[in-house]
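Q: Sequence:
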Amino acid sequence: AVTDVAPAITSGNAATVIEGTPITTPVYTATATDVVGSPITYSLTGNDALKFDISAAGVVTLKAVADYQTQSSYSFSVVASDGTLSSTESVSLAVTDVAPAITSGHAATVVEGTPVSTPLYTATATDVVGSPITYSLGGADALKFDISTAGVVTLKAVADYQTQPSYSFSVIASDGTLSNSETMTVTV
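Positions 1 to 188 (my numbering) are the ones given, in order, by the sequence shown.
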């Protein structure tokens, strides 16, 4: 009697994807061998299986762009079948968070005596998956400024060249998990 043997899955059980990666980009590739060389078909099962597609060649892609703030990891099982028997391997896919990118400049000028309600600078930043961005200030002169939820920076007191000819602070953009900062100089 000949004993049939299930395919042996040779691919790893863990992978990583950077948030914002396009859905056409492979996030995992299943591989398996069959002792007699029978063709192998692949499928997915498990908790997050419906969030992925798997090709006939075992290439796994996400159906929607990965967003760390929404889901920081996925789990699914790869099933490799020779038509009669199958093997299953659990896979964990970790999502790597990406900090917002500050896209605004790093210098501004204010005329001495400008009213405090006048915007001096507007911080702008982007997040690869469009997560909401919050702004804050840090650094040496941060307490002399306000920053709105929209990133608009204003002075708390009227600028006076003789008292302080320039200011330095950091603009901080956060997606709720990671942040990025840029040093800003305001010249009076």
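Simulated from the structure, these hints should not be mistaken for laboratory data. Keep in mind that this is a model prediction, so the values were computed, not measured. Don't be surprised by glycine CBs; every beta carbon is placed ideally from N, CA and C. A hint or two may mislead.
[As the list claims (entries may be wrong)] Quick list of simulated restraints, FRET-style, between CB atoms: (1) Asp146 - Thr177: 51 to 61 Å; (2) Pro39 - Ala99: 17 to 27 Å; (3) Asp53 - Thr114: 55 to 65 Å; (4) Ala101 - Thr10: 35 to 45 Å; (5) Pro115 - Asp53: 49 to 59 Å; (6) Val65 - Asp160: 41 to 51 Å; (7) Val152 - Thr29: 42 to 52 Å; (8) Ser43 - Gln69: 51 to 61 Å; (9) Leu85 - Thr29: 15 to 25 Å; (10) Ala157 - Thr96: 37 to 47 Å; (11) Gly138 - Pro39: 22 to 32 Å.
Q: Confirm or reject each hint.
A: Going down the list of hints, with the structure as the test:
no.: 1; hint: Asp146 - Thr177: 51 to 61 Å; verdict: violated (25 Å)
no.: 2; hint: Pro39 - Ala99: 17 to 27 Å; verdict: violated (44 Å)
no.: 3; hint: Asp53 - Thr114: 55 to 65 Å; verdict: holds (56 Å)
no.: 4; hint: Ala101 - Thr10: 35 to 45 Å; verdict: holds (38 Å)
no.: 5; hint: Pro115 - Asp53: 49 to 59 Å; verdict: holds (57 Å)
no.: 6; hint: Val65 - Asp160: 41 to 51 Å; verdict: holds (49 Å)
no.: 7; hint: Val152 - Thr29: 42 to 52 Å; verdict: holds (47 Å)
no.: 8; hint: Ser43 - Gln69: 51 to 61 Å; verdict: violated (30 Å)
no.: 9; hint: Leu85 - Thr29: 15 to 25 Å; verdict: holds (22 Å)
no.: 10; hint: Ala157 - Thr96: 37 to 47 Å; verdict: holds (42 Å)
no.: 11; hint: Gly138 - Pro39: 22 to 32 Å; verdict: violated (59 Å)
Of the numbered hints given earlier, the model fails hints 1, 2, 8 and 11; all others are met.
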